[in-house]
Amino acid sequence: MEKIFQKLSLSSASLVFIILIGIFITLFSAAKPAIDEFGFDFIFNPDWNKEVVIDAPQAAQNTQSDTLEDEIITDEDDVIIEDEDDMIADEDEEDMMLDDEDEALSKTIYGGLVPIVGTLLTTLIALVFALPIAMGIAVFLAEIAPKNISYFVGIAIELLAAIPSIIFGMWGLYYFAPIVADIVGGYQVSLLTAGLVLGVMILPFMAAITRDSMNTTPAVLKESAYALGATKFEVIKDIIFPYSKVGIIGSIILALGRALGETMAVAFLIGSIFVLPEAINDPTISIPVAMANNFGEASGLGESALFYLALILFVISFAVISLAKFYFLKKAK
Amino acid sequence: MRLFINKIFLALSVFSALIGLAFLGWILITLFIKGLGSFHFNLFLNDLIEGGLRNLIIGQFILAGLASLIGIPIGMTAGIYIQEYGRGKYAALIRDLSDIMMSAPSIVIGAFVYAIIVVPTGGTSGYAGAIALAIMMIPVVINTTDNMLSLVPRELREAGIALGASKYRVILDIVIKAAKVGIMTGILLAFARIIGETAPLLFTSETSNYFSLNLSESFPSLTVSIYDLANEPEESSRDLAWAASFILTVMVLIINLTGRFITRNKK
Amino acid sequence: MAVMKIKKFSFTYPGVDHPSLKNITLPIEQNKITALIGPSGCGKSTLLRSMNRIHDLYPGNKYDGKIELLDLETGKYNNILEIKKENEFIKLRQQVGMIFQKPTPFPMSIFDNVAYGLRIAGIKNRSELQDRVETALKGSALWKEVHDRLDRSAMGLSGGQQQRLCIARAVAVKPEVLLFDEPTSALDPISTGAIEELIVELKKDVSIAIVTHNMQQASRISDYTAFMYLGDLIEYDKTENIFLNPKEQQTEDYITGRFG
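Chains as they are written, first to last, in the working numbering: chain B, 1 to 333; chain U, 1001 to 1267; chain Z, 2001 to 2260.
Among the hints, a few may not be true.
With a straight-line Cα cutoff of 20 Å, these simulated EDC-like cross-link-like pairs (lysine to aspartate or glutamate) come out [unchecked claim]:
{"id": "1", "chain 1": "U", "residue 1": "1167", "chain 2": "Z", "residue 2": "2056"}
{"id": "2", "chain 1": "U", "residue 1": "1007", "chain 2": "B", "residue 2": "143"}
{"id": "3", "chain 1": "Z", "residue 1": "2091", "chain 2": "U", "residue 2": "1096"}
{"id": "4", "chain 1": "Z", "residue 1": "2084", "chain 2": "U", "residue 2": "1096"}
{"id": "5", "chain 1": "Z", "residue 1": "2204", "chain 2": "Z", "residue 2": "2134"}
{"id": "6", "chain 1": "U", "residue 1": "1167", "chain 2": "Z", "residue 2": "2086"}
{"id": "7", "chain 1": "B", "residue 1": "7", "chain 2": "Z", "residue 2": "2086"}
{"id": "8", "chain 1": "Z", "residue 1": "2091", "chain 2": "Z", "residue 2": "2068"}
{"id": "9", "chain 1": "U", "residue 1": "1167", "chain 2": "Z", "residue 2": "2112"}
{"id": "10", "chain 1": "U", "residue 1": "1167", "chain 2": "B", "residue 2": "143"}
{"id": "11", "chain 1": "Z", "residue 1": "2102", "chain 2": "U", "residue 2": "1096"}
{"id": "12", "chain 1": "U", "residue 1": "1177", "chain 2": "Z", "residue 2": "2112"}
{"id": "13", "chain 1": "B", "residue 1": "7", "chain 2": "U", "residue 2": "1234"}
{"id": "14", "chain 1": "Z", "residue 1": "2091", "chain 2": "B", "residue 2": "2"}
{"id": "15", "chain 1": "Z", "residue 1": "2085", "chain 2": "B", "residue 2": "2"}
{"id": "16", "chain 1": "U", "residue 1": "1167", "chain 2": "Z", "residue 2": "2088"}
{"id": "17", "chain 1": "U", "residue 1": "1007", "chain 2": "B", "residue 2": "238"}
{"id": "18", "chain 1": "U", "residue 1": "1177", "chain 2": "B", "residue 2": "2"}
{"id": "19", "chain 1": "B", "residue 1": "3", "chain 2": "U", "residue 2": "1096"}
{"id": "20", "chain 1": "Z", "residue 1": "2005", "chain 2": "Z", "residue 2": "2205"}
{"id": "21", "chain 1": "B", "residue 1": "3", "chain 2": "Z", "residue 2": "2086"}
{"id": "22", "chain 1": "U", "residue 1": "1180", "chain 2": "Z", "residue 2": "2151"}
{"id": "23", "chain 1": "Z", "residue 1": "2174", "chain 2": "U", "residue 2": "1096"}
{"id": "24", "chain 1": "Z", "residue 1": "2102", "chain 2": "U", "residue 2": "1155"}
{"id": "25", "chain 1": "Z", "residue 1": "2247", "chain 2": "Z", "residue 2": "2237"}
{"id": "26", "chain 1": "B", "residue 1": "325", "chain 2": "U", "residue 2": "1096"}
{"id": "27", "chain 1": "Z", "residue 1": "2124", "chain 2": "U", "residue 2": "1096"}
{"id": "28", "chain 1": "B", "residue 1": "3", "chain 2": "Z", "residue 2": "2056"}
A few chain Z residues that face chain U, going by a derived Cβ cut-off under 8 Å, partial list only [claimed, not checked]:
{"id": "29", "residue": "2048"}
{"id": "30", "residue": "2052"}
{"id": "31", "residue": "2054"}
{"id": "32", "residue": "2090"}
{"id": "33", "residue": "2094"}
{"id": "34", "residue": "2097"}
{"id": "35", "residue": "2098"}
{"id": "36", "residue": "2107"}
{"id": "37", "residue": "2108"}
{"id": "38", "residue": "2116"}
{"id": "39", "residue": "2166"}
{"id": "40", "residue": "2170"}
Hints were generated in silico from the structure; no laboratory data involved. C-beta: ideal position from N, C-alpha, C; glycine also.
Just chain B, same shape as in the assembly (with noise of 0.2 Å):
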């Protein structure tokens, strides 16, 4: 019996080895296909499901094609076609019946740059518009307000982090980005609403640990500092920031771990079409929204195209969320 419970526990523990190995090889060898196909250079290609001739007009298309995207007009001009083709399913699927006759014709392209760019810079924004709130709501609870308010307060702000982020995508799409964009211009979809949208939904997260970081000060080192007459302000500055400060970075590596994989917060507002953006209130796509919105239409190398991005962000996250934890959590401790 003992032996029995012993080998039952160590199969469950190292089923965990056995899913993360799993999701690895599973999203690679579903992206191979699209990993022969473009190689690395699709990290820096931004074209998406764009038909390519390979005949010989195929080289004076493709500097073409180069040369227009620098130009903003044309390029935006491919987009919308591109669209078009995206919201088609049909068609899409005419497209690669098509491909399968005359391959030697033409074929699809896909390019992973635009939703990685995008899911890049909607992260940076949130980072840099949550950071400062995080900190300041941080050092709120954990030094100003008096105990039964923060702890009421740090109720909230949890519950905050407990609300599901879909409901975060809706409000933001109908309240908060109609008056983002009336203020900054541009589209209510869009980079930026996106980016504050996730801001906002990182923003609890990121107070609620990195107030637990915070709290790991000992009080004998703050008493000391007030006890030779440092303000407030000082004692946190000199005394609570130094620290804890690895953990704090650590923290907010966290959250930008948390950031980067988001879908639902940033699928409302980010518009969705693999464009890059030209300007913060541009309209563009990021990895997980790429992969929720097209994932259902998708088959062939457009689906593999999709597990590329699936990998790209798997391996991204894996390292950004090993650093917070294993470099500076850590050490914190």
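Place chains U and Z on chain B using the hints.
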């Protein structure tokens, strides 16, 4: 001067806390006004095809419930392994991997389950959705179990062993019991988290307009339907999405608060 | 007669070069109280924890020599260091019970706490369980205080009551030997007095080894005393000899408080 800087700084901090709370208030008030405005008791009686939410709410609970049935035993036994049996590098590795998995993008987990279950079985299904949610849940349960068991004093285990109990009985009869409240809270919070998940369900369970208990076909999901409805052009669909969001949020917050309440009472 | 004979016993913790116990030879006499004293780090707890091999919860320890336990049924001595099988470990721990420094009530009712060891040992009969729980609680002088609330959680008892509950729990399975690892160091003086009385009372039925850092306690309750220092057994004798007439200089220095 020092005192002035101090005042400014404190004011900024209080101000940012107010901003944070303002956002919470704004979201909740929006939800209340829009959600309650479209809320009707009939939503609980009709399925989506008749303009209600009954099948979606039940479906979401079934998906999350099934995920818990899979995820809780696996997560708890794995947590027990890490804390009670595992020594050295392997247990530490599993703990680290589980920590990473806890923050892995949920859409990637959806894609994984799509590739290993939806594709081979030929279509989206309730099972696939539940498995995706279970994968989300396992690391959270592992983390809670691991942490809560580590708080149980070593002497309690030794006392059990010294009475002639074998190790697994000590773990099941004594250690788990001592950590029960904490583990239950963790599980409730994990449940609250997965019941509000959308991304892992998008291409695993999808959703359905009809009431269904058949887990081998596309399965009604509240969150996926909210996403669909909110993107519809008609005002009525969006109103329904708001009502659904309101119900979802209330459910999540109630489960979450219940978890916190248990811990507080037991302390 | 000795119920336990420790012979040329050495013990090494995992990952450590030097043994923590060196060449210890010591009897535990039947129905007597043997106290292990010495400054902290002398190995007295390590020795005590070897006597029911509770060390083996954490693998990698190295044992040398012998610890022989008298089997009261067969009258034979068995070397407990040779035990490898799970069921033999279980039997050993039913024969050699243990009380810890901090009270360790299990998170269950008072009744279930005392009944736990019995249930583990396979006793299912409700009335037999009740009888033995009552006997054990009476034997631990706790019955009067708790008889009307046996189904309440044991966590609600005071520290001293919890420790007596743990003693009742250990006594209920009728061990041959009871090991006490500084059982009163976490308790107030009044509870300590009650526990000391109880330990003396218990030696009618069971042989006792007790680790204590409190020399007065050792002199008050024990029949034999072993003084240990840096992993060596310096001196073992009747308690009055150790305290009144020690043979070794180190023992005398410790007893008179010159170090420790």
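Tested hints:
1. At roughly 11 Å between alpha-carbon atoms, residue 1167/U and residue 2056/Z fall within 20 Å of each other, so this suggested pair holds.
2. The suggested pairing of residue 1007/U with residue 143/B holds, with an alpha-carbon distance near 14 Å, which does not exceed 20 Å.
3. Restraint check for residue 2091/Z and residue 1096/U: not satisfied, since their Cα atoms lie roughly 38 Å apart, outside the 20 Å limit.
4. Annotation: proposed proximity of residue 2084/Z to residue 1096/U is violated, straight-line Cα distance about 33 Å (limit 20 Å).
5. The straight-line distance between the Cα atoms of residue 2204/Z and residue 2134/Z is roughly 18 Å, inside the 20 Å bound, and the hint therefore holds.
6. Pair hint residue 1167/U plus residue 2086/Z holds up; C-alpha atoms about 10 Å apart against a cutoff of 20 Å.
7. Using a Cα cut-off of 20 Å, the hinted pair residue 7/B and residue 2086/Z holds, with the two alpha carbons roughly 16 Å apart.
8. With a C-alpha separation of about 14 Å, the suggested pairing of residue 2091/Z with residue 2068/Z holds against the 20 Å cut-off.
9. A distance of roughly 18 Å separates the Cα atoms of residue 1167/U and residue 2112/Z; the hinted pair therefore holds under the 20 Å criterion.
10. Of the pairs offered as hints, the one joining residue 1167/U and residue 143/B is violated, with about 44 Å between alpha carbons and a cut-off of 20 Å exceeded.
11. Taking the CA atoms of residue 2102/Z and residue 1096/U, the gap is about 33 Å. The hint is violated against a cut of 20 Å.
12. With a CA separation close to 13 Å, the supplied pair residue 1177/U and residue 2112/Z stays within the 20 Å bound.
13. Pair hint residue 7/B plus residue 1234/U does not hold up; C-alpha atoms about 55 Å apart against a cutoff of 20 Å.
14. Between residue 2091/Z and residue 2/B the alpha-carbon distance is near 15 Å, which keeps this suggested pair within the 20 Å criterion.
15. At roughly 12 Å between alpha-carbon atoms, residue 2085/Z and residue 2/B fall within 20 Å of each other, so this suggested pair holds.
16. For the hint pairing residue 1167/U with residue 2088/Z, the CA-to-CA distance comes to about 14 Å; that is within 20 Å, so the pair holds.
17. For the suggested pair residue 1007/U and residue 238/B, the alpha carbons sit about 16 Å apart, so the restraint of at most 20 Å is met.
18. Among the hinted pairs, residue 1177/U with residue 2/B is consistent with the structure: their alpha-carbon atoms are about 18 Å apart, no more than 20 Å.
19. Pair hint residue 3/B plus residue 1096/U does not hold up; C-alpha atoms about 25 Å apart against a cutoff of 20 Å.
20. For the given pair, residue 2005/Z sits about 19 Å from residue 2205/Z by alpha-carbon distance, which is consistent with the 20 Å threshold.
21. About 10 Å separates the Cα atoms of residue 3/B and residue 2086/Z, which keeps this hinted pair within 20 Å; it holds.
22. Distance check on the hinted pair: residue 1180/U and residue 2151/Z sit about 19 Å apart at the alpha-carbon level, within 20 Å; holds.
23. This hinted pair does not check out: residue 2174/Z and residue 1096/U have alpha carbons roughly 45 Å apart, beyond 20 Å.
24. Between residue 2102/Z and residue 1155/U, the direct Cα distance comes to roughly 8 Å. Compliance with the 20 Å bound is thereby established for this hinted pair.
25. For a cut-off of 20 Å, the pair hint linking residue 2247/Z to residue 2237/Z stands: about 10 Å separates their Cα positions.
26. Straight-line distance between C-alpha atoms of residue 325/B and residue 1096/U comes to about 8 Å, which keeps the hinted pair within the 20 Å bound.
27. Between residue 2124/Z and residue 1096/U the CA atoms are separated by roughly 43 Å; this puts the pair beyond 20 Å, and the hint is violated.
28. Under the criterion of a C-alpha separation no larger than 20 Å, the hint pairing residue 3/B with residue 2056/Z is consistent with the structure, at around 16 Å.
29. A distance limit of 8 Å between C-beta atoms decides the matter here; for residue 2048/Z the minimum to chain U is near 11 Å, and the interface restraint is violated.
30. Interface hint status for residue 2052/Z: upheld, as the beta-carbon distance to the closest one in chain U is roughly 6 Å, under 8 Å.
31. Using the Cβ-Cβ criterion of 8 Å, the hint placing residue 2054/Z at the interface with chain U is satisfied: the shortest such distance is roughly 5 Å.
32. For residue 2090/Z, the interface hint holds, since its Cβ comes within 8 Å of a Cβ in chain U; the closest pair sits about 5 Å apart.
33. At about 4 Å, the closest approach between the beta carbon of residue 2094/Z and any beta carbon in chain U falls short of 8 Å, and the interface hint on this residue holds.
34. Among the interface hints, the one on residue 2097/Z holds; its C-beta lies about 6 Å from the nearest C-beta in chain U, closer than the 8 Å criterion.
35. Look at residue 2098/Z: its Cβ gets to within about 4 Å of chain U, closer than 8 Å, so that hint holds up.
36. Taken as an interface hint, residue 2107/Z checks out: its beta carbon lies about 4 Å from the nearest beta carbon of chain U, inside 8 Å.
37. For residue 2108/Z, the interface hint holds, since its Cβ comes within 8 Å of a Cβ in chain U; the closest pair sits about 7 Å apart.
38. Interface restraint check for residue 2116/Z: the shortest CB-CB distance to chain U comes to about 6 Å, inside 8 Å, so the restraint holds.
39. Taking 8 Å as the C-beta contact cut-off toward chain U, the hint placing residue 2166/Z at the interface holds, the least distance being around 7 Å.
40. A hinted interface residue such as residue 2170/Z counts as satisfied when its beta carbon comes closer than 8 Å to some beta carbon of chain U; here the least separation is about 7 Å, so the hint holds.
Of the numbered hints listed earlier, those contradicted by the structure are 3, 4, 10, 11, 13, 19, 23, 27 and 29.
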